[in-house]
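Undergrad: Here is how the chains run, residue by residue.
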Amino acid sequence: MQRIALVLLLFVVFPFKAQENRRDNPAGMLSLGGRTTVSLFNELKNEMSGSGVGGQFRLRFSDAVNTDWFFDYITSDILNYAHRTDYHIGWSVLFYPINNHNYFHQTTQFKPKFRPYILAGHCFDYSKIEAKDGTNALDGAMYAERWSSAVQAGLGTHLELSPRFDLSLTGQYMVHLGNHIETDYDFTSGTLSFNEHKGASLAGHVLVTLSLNYKIAKLWGFSRR
Amino acid sequence: MGIQPKIIGLFLLASTLVYSQEKPWSHWSIQSSYFQPSLLRASATIAPTRFYTQQTTVAFIHGFVEYVLEPNISVRGEANIMAPNGQLVFTNEPEKFPRNYSALYAGFGYHFGNNNWKLDFHAEPGIAFTEMAQDPYSVIPSRFKWSACPSYQLKAGTSIYFSRFCHFFAEFNYGNGWIRKTPLSSLSIAQYGISAGLGFHLLTKKLN
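Order-wise, the sequence lines are chains A and B. Numbering of the first sequence is given in the numbering used here, commencing with residue 76 and proceeding in unit increments. Numbering of the second sequence is given in the numbering used here, commencing with residue 53 and proceeding in unit increments.
Bound conformation, chain A alone (with noise of 0.2 Å):
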């Protein structure tokens, strides 16, 4: 009788603690974010560097993942013959292989720490290269431009200064996977021209992304603690 006294005991323990754990489940937490890029090793040929600006909100599905959903403004100069513009707009998954556990465990005194993360994803992109000085005294406009999807996959980590509060630093890499454009100027007669190339292409850049993050709200999961 005892026993069985004690294995009913476990059998009512266990689930107390299961939900202890389940209340400590960061699933369901919304962050709001402003971000800004670098962008590098761009596929043009004689692309520059460029710098962007956008936003992001992140939804956390499990202790180990979280999810990104951003858009990218970005400029680059092609030379200075030309300039190019890109829109991104997708999703990233983010994954936590250490320090996923405890999320909520926090002391009594909050210390900063890192949390990094490997980080894979989509994105439907719009650009569009326009010639530096916009016109051509024959064609008019002097611009082409694509819609395209791309992936992208990288790593990074999250600085929590607070226990709502992260910047976060990544690296990645984008593959367009749509039609390509060149540019061919000819430095001799100072003329720009642009060519379409149908199918896919595997070109594509280097992201360095900072962003500042702030959890707003539970979505699901919510207890009062």
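By construction, these hints were calculated from the structure, which means they are not laboratory data. Each residue gets a CB set at the ideal place from its N, CA and C atoms; glycine is no exception. Everything hinted at is true.
Partial list, computed: chain B residues near chain A (C-beta under 7 Å):
#1 A158
#2 R232
#3 P235
Since the structure of chain A is already known, use the hints to place chain B on it.
TA: Only chain B this time, still in chain A's reference frame:
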């Protein structure tokens, strides 16, 4: 009266002075810590700013709104608008510098320090809206074109909260970005400047 009672009397007097100095000060500093979560503060001022790669100094009309989220963290939005005829020192060719310039930034701040004297650091991504000449060497009147340029601003400053509704602030600002929509080489808008003045604040939630 002998010397001993006099010394004791002096000690007693000295101890009451120390006590009286300590208590009101500590009482004041706890009670009047105006910088707390839910504090909303705002101000507007003139900010002299140097575009150092363009050798040009301008006067910005500068305004900000900031809300304190946590004891050390705030969210902040601000705007810089180049004052009409605001080019204070101008050594670049006018055609190669924006005729109009405005910038919007939004970001977060981190605040150090105790009670009513704070050191502040801010990082703010943003966009600069600029209007540039498109035919700088043309004899006929130039066309001008607006463009939106990704930018960011970093700030370091200090604030002293001296009353329930007012504070003084002083900040050093650094910003960067590029204007690409020009017929010539892209124009750097790297800049540094200062802003200082009287700010206003309000606690939007009742203290516990």
